[in-house]
Amino acid sequence: MRTQPKSCEDNFVEFKTGIFKSYNALPESYDEYFDRKGKPHEELKGIVEYFTKFSLEDFLSFHDKSENFFFSRSISFNVYSDEKGVEKIIPVDLLPRVIAATEWKVVEEGLRQRVQALNLFLTDVYGRQQILKDLPILKEVVLGSKGFCAQLVGITPPHGIYVHVAGVDVIRDSANCFKVLEDNLRVPSGVSYVLESRNMMKNIFPEIFAKIKIKNVNVYPFQLRQALHSIAPDNPMMVLLTPGPYNSAYFEHVFLARRMDCPLVQNSDLVVEGNKVYLKTMKGLKQVHIIYRRTNDDYIDPTVFNPNSLLGVPGLVKAYLAGNVVLANALGNGVADDKAIYPFLPDIIRYYLAEEPILAQVVTYSALNPKDLQFILDNLTSLVIKPVDESGGKGITFGAKAAKKQLEEVKSQLKANPRNYIAQPLEELSACPTITGRDVCPRRVDLRPFVVTGKATWVLPGGLTRTAVDRDSYIVNSSQGGGTKDTWIVEL
Amino acid sequence: MDSGVITVPRIGAQIYWMSRYLERGESLVRMLSATYLLSLDYKFHLSIEKHPLLYFLVEDRIFQSLDNKGTIDDESIQTFLVFHEDNPNSLHVSFRRMREDARLVREVLGENMWQTINDFYQWLNSAESREAYKNDRCYFYKNILDYCLLLKGIFYDSMLRDEYFHIMELGIMVERANQVTNIIDKLIRGWSKYSDQLLQDTEQKLNFYNLLLECGASRDCYFKKVHDFEPESLVKFFLHNELSPYSIQHCLKSIANNLSVVFATENATLSLVHQLAESLSEANVFSISAADIVDRTHQICLKLNELNAILNLKLEVK
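For the protein sequence lines, the chains are A and B, in the order given.
Numbering of the first sequence is given in the working numbering, commencing with residue 1 and proceeding in unit increments.
Numbering of the second sequence is given in the working numbering, commencing with residue 1001 and proceeding in unit increments.
Since the hints were made in silico from the structure, they are not lab data.
Values in this document were obtained by computation on a predicted structure and should not be read as measured data.
Wrong hints could be hidden among the right ones.
Claimed, not checked - The calculated DSS-like cross-link candidates involving lysine-lysine, where the alpha carbons are at most 25 Å apart (straight line), are:
no.	chain 1	residue 1	chain 2	residue 2
1	A	Lys53	A	Lys65
2	B	Lys1303	B	Lys1314
3	B	Lys1303	A	Lys280
4	A	Lys53	A	Lys215
5	A	Lys283	B	Lys1314
6	B	Lys1225	A	Lys283
7	B	Lys1314	A	Lys286
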């Protein structure tokens, strides 16, 4: 049901109309749609006006359409621990997250810089290790990292690129400042949901795409394919290696394999002979030059890493070390996205690039540093304590909400194993209007942009916006019940 | 000719079984639909020898276990064949397996194909489908059959003509040959058990024949060429008929063609298929005497079983 927009002196639609009528922003957070006076941000005016033409009943019906869209294509993720169903449809909210292109440009530059520094760091850590001599505090952090692979020291992948695909988690704080929260440099996932969410939104809201200039995301698979081909021999044979259909991101593996036009293979389809990797085909063995691998380091080769792995290809690491196959992402990246390294990233950027970081990151205290450890212990109730070797939001303690007993446990763990923890002040993540049942409520969000590096670096416009499960939550991971939104980079 | 497409054996095997389950499900739904309509006119005897569904589709030991529970009736037989998870050939199990195989290879199926398989699967497991089974059985069966035909249409119309296409067609034809052979083998061996109960008059014979011909999608085809209701005629029709895509000879020719593309260098299996196809030429089939037909049909079944075993080994999902 359409409502007539009310005009104001500034010629914008007064937001308290339509579905935003009873919307109340979170007082502590930056609201992605509205300023403190309730006026839509500049990049959102046309979009808010468009959405106020629909009622909540309309949105319920759109929601059914979106669910059908995802069900029919089985756009899913697998939750290992959920007994009810292996496949779950990714929940996507119909109100997009919108970022002005001018703001995005800064984020984009910051991400390029960060990934460049990370590649240089990895080259050094697996090479001369000069940074460990110049910044001794890093030595224990790096060499003690579970992600550090001593077997790889002395080996440099083609063009010194370790991180072909990075998923960098970014938040917007209460002062409207983008900050990096976390780097994901091993097997970052989520990009397929970005592309499919966009397709779904185009299906349901085609008119807005005609009115507003939104940056395209569909070229991602092409860009990734080009990037990987650019660092391999001519006419390379590329495959996408998946752990299999029960992996949480299997849909994404299928999606990318199809769009990148490369075979989707499991470990049993590959064999290593003479330190070269071959794909078993119905016409015989075919040499593989690039493996876009979605299998973690631990499981990728049972002869080198986890001997119990049933997902690996025996001999793959030898082929990699011999330079006969490119692995994307390279092995050993875990040392660089180790949370214990994160506090040192600004110094790492300065060290390799002689530049100030363009993108800030969340203030972080490393329990390995005695001063920081004392600060953490003295200020537990106002900090968020994170174990460095967990992901998906697991193991995080919010000091302000934790019970006394839990805080005591955390204290002992910090003292017993300081290398294993970092702490950060609770950042007020920005919040975005989100349709929840029969209302529109604010939900905290973060953003995962994707950065692709071959001979050049390309950043996907936008990325995956993830939303927290409820009003009070700060955890946005899908495995913890969070949802997602389409992310629009809008040119004004 | 090298299509330039990389074909991975594991994927080939999955596609082969996906298409077999599709054909199996379609064959079953035709039988169920035709029997259901016939049952509105005739009361079938609830014994494995005399009930068409039990006779053609249910193994003796399974029937015994159903019978021992004392729950057997027309409705429970249909439910068993449509829904039962313990029945490895039930409609639900067949299509569930089809969908699962498709899910594992969806990157090589066209998007239309995958989406339609998924839409079908969602519908089959929906409340709407259960409601249709309960209150509008004809629509329930028709909708399933429509989906099967739609999937085949998408397959033939849009899939790349690479090795995967040929493997899929191979699966369809192998399964079809199996299903048809099963029907005619049982028909010719058990004919006398039917004739005294059901087929006292021409109308009954006609209806029964219609049932069997519906299973083979061949009713129109049969009556263009054959005008009698003798079991030998029906069997010979299904062994050889140049118009019908359900004749076993047609299936074998297609199997040979697809095998020559997929396993280009493998000759022994191809020879077996060619021999079988030749034995089902018009001259050979129509020269079979009434005395020999039971035996000959059974021999063909055994040869097809042998072919099945060879192909299952070649296209084993590892």
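Worksheet item: Which of the listed hints are broken here?
Response: 3, 6
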